[in-house]
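Those protein sequences? They're chains A and B, same order as listed.
Mind the numbering: the first sequence is residues 42 to 332 in this note's numbering, read in order.
Mind the numbering: the second sequence is residues 987 to 1282 in this note's numbering, read in order.
Straight-line distance between alpha carbons at most 25 Å, and here's what the computed DSS-like set of lysine-lysine pairs gives:
(1) B:LYS990 x A:LYS157
(2) A:LYS319 x B:LYS1083
(3) A:LYS319 x B:LYS1086
(4) B:LYS1277 x A:LYS164
(5) A:LYS319 x B:LYS1171
(6) A:LYS319 x B:LYS1201
(7) B:LYS1134 x A:LYS293
Chain A regions said to be covered by chain B (calculated; three or more residues, Cβ under 8 Å):
(8) 78–87
(9) 95–107
(10) 150–164
(11) 260–271
(12) 284–293
For the record, the hints were derived by calculation from the structure and aren't laboratory data.
From a predicted model like this one, the values you see are computed outputs, not experimental measurements.
Ideal Cβ positions, reconstructed from N, Cα and C, are used throughout, including at glycine.
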Amino acid sequence: MSSSAKESRTFAMTAGRKVTFSSVIVYIILIIWALTCLFPVYWMFTFSLKDNAEIFFRNPIGLPENWIWDNYKTAMNIGHMDKYFLNSLIVTVSSIVLTMLAAAMATYAMTRLVWKGRKMMNKFFMLGLTIPIHASVVPLYVVLSRVGLLNSYWSLIFPYSAFALAMAILICNGFMGDIPYDLDEAAFLDGCGVWGIFFRVIVPLMIPAVSTVGIYTFLQCWNELMFSTIFNSGEAYKTLPVGVQDLCGEHKADWGPIGAALAIATIPTLIVYVLLSKRIQESFIAGAVKG
Amino acid sequence: MKKKFGYRVNILLFLLPALFLFISVLIAPIVMSAYYSLFKWKGVGPMTFIGFQNYSDIFTMKTVNAGRTLKNALLLAAFSTVIQLPFALWLALKLAKGIKGERGFLSIYFMPVLISTVVIGQLWIKIYDGDNGLVNVALRAVGLLGEKDMIVWLGDKNIALWAAFVPILWQYVGYHMLLMYAGIKSVPPELSEAAMLDGCTEGQLNRYIIIPYIKPILKVSVIFAVTGSLKSYDLIKVLTNGGPASTTEVPSILMYRQLFLANSYGRGSAIAVLLIALCFAFALLINLAFKGDDTI
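One chain only, chain A, in its complex shape (with noise of 0.2 Å):
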């Protein structure tokens, strides 16, 4: 065995595989903690299949006693959870569709089209990264209500669009470097035009991108309160989020219902979760670490 290997040993021992008094203390209050995180979401799971007399009364925080799958076909009922699931979906795929394409072309501008003043545009994009949606929320609503707009998709789809564009450009330009250039060179010795190098060459070599932007877009959008409430709270096209909040005005008293239309809104979440989370804490990272 090498000396290096065996100080690195000895360094993990040291470091990590004594069970002493402090680490049993620091695991209990990791585990405490965790217990924090996942029991507000495991008490809705169970109350939104409890009625009212248990979970006040008998069993406010155990399993259910009879699992009662009508409220959740109460909330689809009377609470539309259907609709507002739908409209949500609509609005957030519409957006990541938008922001994709509007990114992926102005990065092909900026990084593969040669002219003056292209790293100054790049620079003016990367404003977005810092300007809070707060700064629009005013004079959108008033230009959104001048065009009839709102209450619609749109009211959201665009200024979702918006806010995810700078991020999306950044990480298109990390993509597209790194497809080479003798791939356009080709294209174009074969006669295609800079719209035919994008779409033929650019555009499918760019599907990998898609995900990454889908993911960064998919969490900004599809819990946003803000806009959401300003812009589009009519019956119609209103979202998940407002769409419960809502409800839950509504239905005070109904405990259960109302947890079975949170559990409704919660689940696509946790399912990408489960399913993506190490790309997804990615994600989160990369927007700090460039924001």
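We have chain A; now place chain B onto it with these hints.
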């Protein structure tokens, strides 16, 4: 010559969607907000130029009281910096050391960040509920609260603000922890190994090697915690909507109230402009503070 012109048009066309979104949603509104803030305006009808009066009105008018909302936001920022961030750092240090179940803990701690604030808020409303909320039920069970008594956590003027802070701080511990954890993992292992071989204790290693190394990330965390507190909206909106008697109001909620309940677009814009200016000012200050202090 013609070809060159076509090339330029193409560049512009490629930039057009992004430029349109960016200018119409981000750049122009900032200018417009600043402009509106100088007028008395109900959103429709005539605009009357009143200079900077909106900016003084939001502080002097009793019904607006922007001073209180700023105080609440700064208080949240302070709690976030002195309680939430150190705790997040502690968690990150412990996890990054490579303990058993590291990934599991990390994923669990981060989960609340991803759950909709509406869901988190509604759950905490239930937890705080006066009659049947878990907090009161627990207090009754251990005898700290009489059988028929209740504490209305989010409805009592004296405690609502503190009660509302708890979920906000709780939700984002995982976010800061994740950033710091990533930073600690980027510390070159040779560095900590060398320090350990020189006889550093774990505390010394954290204090002299790891924390100085991740200073850039700590800076980002402090900036996020402070500007995030100034901009906070979601959870307060769901938990108390600024009540009772506006005691838990934060600037964004006040902005909403000025726009839609008081119909004053001028004052609403003034609050928005002030908020953005404050966020940039604090970000700058924190940057300077971290730059000036190279001794850690």
